[in-house]
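J.: Now for the letters of each chain:
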Amino acid sequence: MLSSLERVQAPPRPADLEEEAFEAWNASFELNRDVWGEVLEENLDRLARGSYSLHWTNTEFAHWGTRTKPSPRGMTFTDINRSKAYGTIPDRAQARNLSPRGSVRAPYEDRMPVIEEYTLLDKYELWADNVVTLYEEAKARQWNSTTDIPWAELEPVSEELELAACQLATFLTEVEFVAGDFPARWIYKIPADYYEVKNFLTSQMMDEARHTEVFRKRALAGGGGLLHASPAFEWTMKSVLESPTHSSGTYLLNVLGEGFVLSIFRAGEFLAKTHTDREIFRRCMQDEARHVAYGTLELKAYLENHPEPEAAMERMHRFADLGENIMLTSFVDPCALEPMAVLMGGSIKDIDEGMDGVGFLWTTLREEYLQRCDRAGFDRRDRCQIPENLPGSC
Amino acid sequence: MTAVAFPSVEWFDVLGKLMEQQRDVHVRTGPIDCVAQFTVFEATPDGASQHIQVTFEEFSVINVEEVGEQDVTRADFVMEADLDTWQEMIESIAVGNGRPDLDHSLNRLSLPGTPIRVWSDDPLRRDLFFRFNQSLQEFVNASSEITTVFPAGR
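Residue numbers (the numbering used here), protein chains in the order written: chain A, 1 to 394; chain B, 1 to 154.
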């Protein structure tokens, strides 16, 4: 039998890749030397002449004289976006570079580079009307898994319960950072005109980093350790990470996947056998609810503002038909379901009783998912691939 | 220790004042912006329900008012339960010196949809209960600072 390392094709040697990457970078910038080199020459000449440009003092095309006022809670994005000049979100990005929205950039357009990776250029592909609020909320509700969790209060429980707690923590350690990697893939494709979305997605990454951290710590803190990874989870996460568009992936991750995890975090208080676990789940729940809220209104904005709304709707439905099935692979995996059932039942002996509780949670989770889809104008009630009841239960 | 009747506007007002006194706790937890409705079934001797809406803004309660059933849409979400459930929760918080036992947190009591039911016509507004859950819990946890008086015979 081949080892897992032998089964995968060997990647090119890092040294070769490195050489290739250096050569490509050099070639690219040499090709454009006439543009950036001209800028460099002008600047060097000016300095050599002992002259100053001071062109940046010209406010003709700037919005000079703007004075935004902070609200009682400080200077928020909402406050600075009250200025029409700075707060108008364009339907299509005006620049494929890092030049700030509202800055004087038109005179320099011809000499600006294009960031080829900035491809998410339309507002409908990423905007959600609650994104500014959620970003401010995310910043204000950060917490620290090192100091905000009462680790010293983690009390010993039976080995069966610790096994279940550790398997659940392993599952959550494995799946949580997909919601960090997914935004990471897209943040780099969003131009600066939509900086609010970039910033919110950055906060989501920080949230997920903290979740991965706290569940890893939980698994190691109670005398157990990490238990089993799962192919089901990996396939689910691959489907998210490789989603064809930002909006489809955001739906799959934030509305369906995070909605499911939100329910687990809610149930976490039900499952918790110690105040430590309860605190972990409750804090994670708050973070997760923000991500679900962004996903719901992003999906709504996408479906409402797509230039071909009917085609977009049908495409998203077809995507969801398969996506829900792939997600279901994880929802019914024993590495997620069974530890929850053991924690709910109180022991492996009482797993059936616990499974009844999980079955109830399943119904709630599915209904909450469908409600969020309804809210987004995405009616999945007749097409939903997630069974109404937990398979195997009545 | 102040004795205050539950359910009453005064009881929630006092919790609002305690929120100001414990501002550092709420600053650490994060701001809360929502209108939460606490509905108590069988709140009066004649079995009538009482609905109290609490408006949170940042780290404060800016309004507490008793409302009628028809005013429910003004609330982002409603937490409803019978008086016995609320009493049990408040007593658990008191016994735990400001922290309920594992079975009596707001989230724990509402997860199965009973004994506390959290609902809203809009799932996004309902989800505010999850987004601000720690703040809501700290808000009710402050009830351990007062003596809560329940209707006679309970």
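Hints are computed from structural coordinates only; laboratory data are not their basis.
Given the structure is predicted, the values throughout are model-derived calculations rather than measurements.
Hints are not guaranteed to be accurate.
Label pairs and their in silico Cβ distance ranges [unchecked claim]: (1) R74(B) - L54(A): 38 to 46 Å; (2) Q21(B) - A209(A): 49 to 57 Å; (3) T78(A) - V27(B): 54 to 62 Å; (4) S49(B) - R73(A): 43 to 51 Å; (5) P45(B) - L226(A): 30 to 38 Å; (6) D24(B) - N32(A): 53 to 61 Å; (7) H228(A) - V149(B): 48 to 56 Å; (8) A48(A) - V27(B): 20 to 28 Å.
Every residue, glycine too, gets a C-beta built ideally from N, C-alpha and C.
J.: Could one say that the CB atoms of A48(A) and V27(B) fall in the range 20 to 28 Å?
T.: The hint (20 to 28 Å, Cβ to Cβ) is violated, given that A48(A) and V27(B) are roughly 54 Å apart.
J.: Given the hint of 43 to 51 Å, check if S49(B) and R73(A) actually sit that far apart at their C-beta atoms.
T.: Given about 35 Å between the Cβ atoms, the range is violated.
J.: Given a hint of 30 to 38 Å, does the C-beta separation of P45(B) and L226(A) actually sit inside it?
T.: Hint violated: Cβ distance 56 Å, outside 30 to 38 Å.
J.: Does the Cβ-Cβ separation between R74(B) and L54(A) fall within 38 to 46 Å?
T.: 56 Å, violated
J.: Is 49 to 57 Å a correct range for the gap between the Cβ atoms of Q21(B) and A209(A)?
T.: Given a distance of about 34 Å, which is not inside 49 to 57 Å, the answer is violated.
J.: When you take the CB atoms of D24(B) and N32(A), is the distance between them in 53 to 61 Å?
T.: At roughly 54 Å between Cβ atoms, N32(A) and D24(B) fall inside 53 to 61 Å, so the hint holds.
J.: Determine whether the Cβ-Cβ distance between H228(A) and V149(B) falls within the hinted range of 48 to 56 Å.
T.: 52 Å, holds
J.: Between T78(A) and V27(B), does the C-beta distance stay in 54 to 62 Å?
T.: For V27(B) against T78(A), whose Cβ atoms are near 20 Å apart, the range 54 to 62 Å is violated.
Checked against the numbered hints above, the structure breaks hints 1, 2, 3, 4, 5 and 8 and satisfies the rest.
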